[in-house]
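Chemist: Heads up: the protein sequence lines correspond to chains A and B, in order. The first sequence begins at 8 in our numbering and counts up one residue at a time. The second sequence begins at 6 in our numbering and counts up one residue at a time.
The reader is advised that the hints may include incorrect statements.
Keeping only pairs whose Cα atoms sit at most 25 Å apart, straight-line, the calculated DSS-like set for lysine-lysine is [claimed, not checked]:
#, chain 1, residue 1, chain 2, residue 2
1, A, K49, B, K14
2, A, K52, B, K62
3, B, K62, A, K9
4, A, K52, B, K14
Read the hints as simulated data drawn from the structure, not as lab findings.
Chain by chain, the residues run as shown.
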Amino acid sequence: RKEVEQDPGPFNVPEGATVAFNCTYSNSASQSFFWYRQDCRKEPKLLMSVYSSGNEDGRFTAQLNRASQYISLLIRDSKLSDSATYLCVVNGGDTGRRALTFGSGTRLQVQP
Amino acid sequence: NAGVTQTPKFRVLKTGQSMTLLCAQDMNHEYMYWYRQDPGMGLRLIHYSVGEGTTAKGEVPDGYNVSRLKKQNFLLGLESAAPSQTSVYFCASSYSGTSGGARWETQYFGPGTRLLVL
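Extracted from the complex, chain A is given alone in its bound form (with noise of 0.2 Å):
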């Protein structure tokens, strides 16, 4: 079992649509985590944190279910420059690991 899984998508939806995409993770001891996105031959870049109570930037909210080791991206009022891969990203949990743990990502194509 992988240890963050998401769906690979595509995601295709027309602007101005609600999104929703999930990830789960396998190590209950994962301590942060965050949603990172990738365009097309480009580098990762950070979109946000997740924190336990929830979180929220502009059009974008994310959530994190700790008892079901699960993070969940919410994007609303799609736009054409959403388009990208949005990666799941974990930190390990253990004092010993370092770096993060980086799920495939899902691929979202936001339509005219």
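Fit chain B to the given chain A structure using the hints.
Modeler: For chain B alone, coordinates are given in the frame of chain A:
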């Protein structure tokens, strides 16, 4: 402030050749990482460094070596390239801290190096 830069951007190698990928960051970050990204696999950690002069193995270290002689630079070496090492290589640097008892970390990525091994 250039952030994280990588050299070269693209390279073609023949099987058995060697090369070094250079990563540089000007943010004074302690931690640096090398990842490879393959279709359907996501980013996989090759090696990382928690400070100048220190390195450690990641998830897929075989066939690669690294060095961190200066804080701002992290080098990835391929001694004898193989077709299986055809990939996109990303370097990242980060700072971290704790908040509410949980550790958080923000990684900044370089633009990537596309490597083709024939």
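Chemist: If a hint holds in the structure, say so; if it does not, say that too.
Modeler: Status of the hints after comparison with the structure:
1. Between the alpha carbons of A/K49 and B/K14 the distance comes to roughly 11 Å, so the proposed pair stays at or under 25 Å and holds.
2. Distance restraint check for A/K52 and B/K62: the Cα-Cα separation of roughly 24 Å lies within the 25 Å cut-off, and the hinted pair is therefore satisfied.
3. Between B/K62 and A/K9, the direct Cα distance comes to roughly 19 Å. Compliance with the 25 Å bound is thereby established for this hinted pair.
4. At most 25 Å may separate the alpha-carbon atoms for a hinted pair to count; A/K52 and B/K14 meet this at roughly 18 Å.
Comparing the model with each earlier hint shows no violations; every hint is respected.
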